[in-house]
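Residue numbers for the sequence shown follow the working numbering, beginning at 225 and rising by one.
Here are the simulated distance ranges between beta carbons:
{"no.": "1", "residue 1": "A489", "residue 2": "R521", "range": "18 to 26 Å"}
{"no.": "2", "residue 1": "E462", "residue 2": "K389", "range": "18 to 26 Å"}
{"no.": "3", "residue 1": "L625", "residue 2": "A520", "range": "55 to 63 Å"}
{"no.": "4", "residue 1": "D376", "residue 2": "H288", "range": "53 to 61 Å"}
{"no.": "5", "residue 1": "R337", "residue 2": "H477", "range": "21 to 29 Å"}
Derived lysine to aspartate or glutamate pairs resembling EDC-like cross-links, with alpha carbons at most 16 Å apart:
{"no.": "6", "residue 1": "K435", "residue 2": "D329"}
{"no.": "7", "residue 1": "K435", "residue 2": "E424"}
{"no.": "8", "residue 1": "K301", "residue 2": "D523"}
{"no.": "9", "residue 1": "K389", "residue 2": "D354"}
{"no.": "10", "residue 1": "K301", "residue 2": "D237"}
{"no.": "11", "residue 1": "K374", "residue 2": "D354"}
{"no.": "12", "residue 1": "K301", "residue 2": "E534"}
No lab work stands behind these hints, which were simulated from the structure alone.
The beta-carbon is built from N, C-alpha and C at its ideal position, and this holds for glycine as well.
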Amino acid sequence: MKLNSYQLARWCDAALQGHRKWLYPAANLLILLLSWLLGLTWLSLPALLLINAVLLLYLLHRHHAFGAVYQRTPRPKDALCETVTIDASLIGQGTRLRAAAQPVDVADSLSMRLGSGALLLGAAMTLTADTLPPADRAAILSAVQALNIKPDRLRSHNPVLAREKQGDVTVITVRDGMNERRYYLGAPMAVANLCPAIWEGSTRPLTDHDKIRIADTEGYITQANCRVMAWGTALNYEQPIFLGMAGVGEELHLSALQEVSELRAMGLTVMLDADAQADTDLASLRMLLELPDHHARPDIRLTPDAITGESALGVTRVPGESLVEPISQLRQRFRTIEETLRHFALFLGTALGVAVLAGSTWVPLFIAGLMLFGAIAIGVDLTAPKLRLPTAIILMVIALLTRLFLLSQPGVLAFMASGLISVAGACSAAMRLCGKGFTLKGAASRLPRMMLAVSAVMLLVLIVIGALQGLAALLPLAFSLLVGAAVFLLIALENKILR
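Using the sequences and the accompanying hints, generate a full structural model.
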């Protein structure tokens, strides 16, 4: 039977963290009670040992697999996530003024290097900012501070008297001392068509060549994914003067585009957090990243803030940190946990099956403890050759033949000899199993010696008992030694690798 993605891990998670967690311990007690009443303890005990050992290994490996960036303990369903919400602050640095021109020569910021008209342009930008969307307004008001303009002070000295529209151009009339002044805000060509003059060091007529230059500058700024605006001004009833232009757009972190593309290539639906900071234009950011405006419930939230009371897995990120790493790590580590559980369950199940068929009643507990200790203290070597089905069947047949032989050899010696083959199988399986994992501590070389020492002590006890009972009693011992050696070599040499 082919298991689905993270199937064993999901079963373990459901048993331990489902809505009815009390069912798991209740089922254990019920199985033990029924097996005792029906006389099937010899079969139910190994099964319970296998199940509980796998559950314990899952808990311990999951505990070691994930760090503090995950705001709760991840679950297998999180590794199967389909939707990811990213806080906009992790992708963009907000809406910024990215280009300015006074009147047509482009600079990357607003400063006095633009020329004598920079202050006129800055004042126009400040007094018309209230008509812009919140993100653009915040970008403009932040940029004019480079000219030492205090927006609140300027607006208090030049209160707005009227607002009107002239086609696509917004006209703001303010008090300017004893006079009134109009400011014009709109698309560059729309403002230029209203202005017969241009400020370039001083006021001069605006020519057709100037309009070509304005159109070229607008196209150049637009190429940087900016929204381009232009301003003009006029005192009282004078003709308006074209002052200049500015480009406003989203400032992205350098790796944002690539990482969003990688997340989408992983099959994830990527969404931006609608509760992002006010100075980010989410619509523009989505367009820049080519993200549709989804509103699905997220499986994972990448955010700089702590989240509570949500089923989504919160992952703590700060601007500049990888957005792909925590999700790929989530998948990779649950994949490792899944492979660990499958590998461990296969070896432990085979060893317990050998013990049951060999007729050992106490050895299953020893085997489960031995292999669980190795898997926890050392880890599971996922690079080791896996136990093949034919080999597992051969082991079961050998154990069954041993059981049939020892049925004719009653006594404590035959009972202990039947356990020797189980210990040999467990030792060889554990030697193949252990070596690498989340909890590798350099003890891989010690465990095989410990297991072989246990086998040697058991063998010595059998020899002593056999010598006291006579040479005839050594027949079960000799048989079990031969079969145990065969079991050991069969597993160890299955892929011609003696571990």
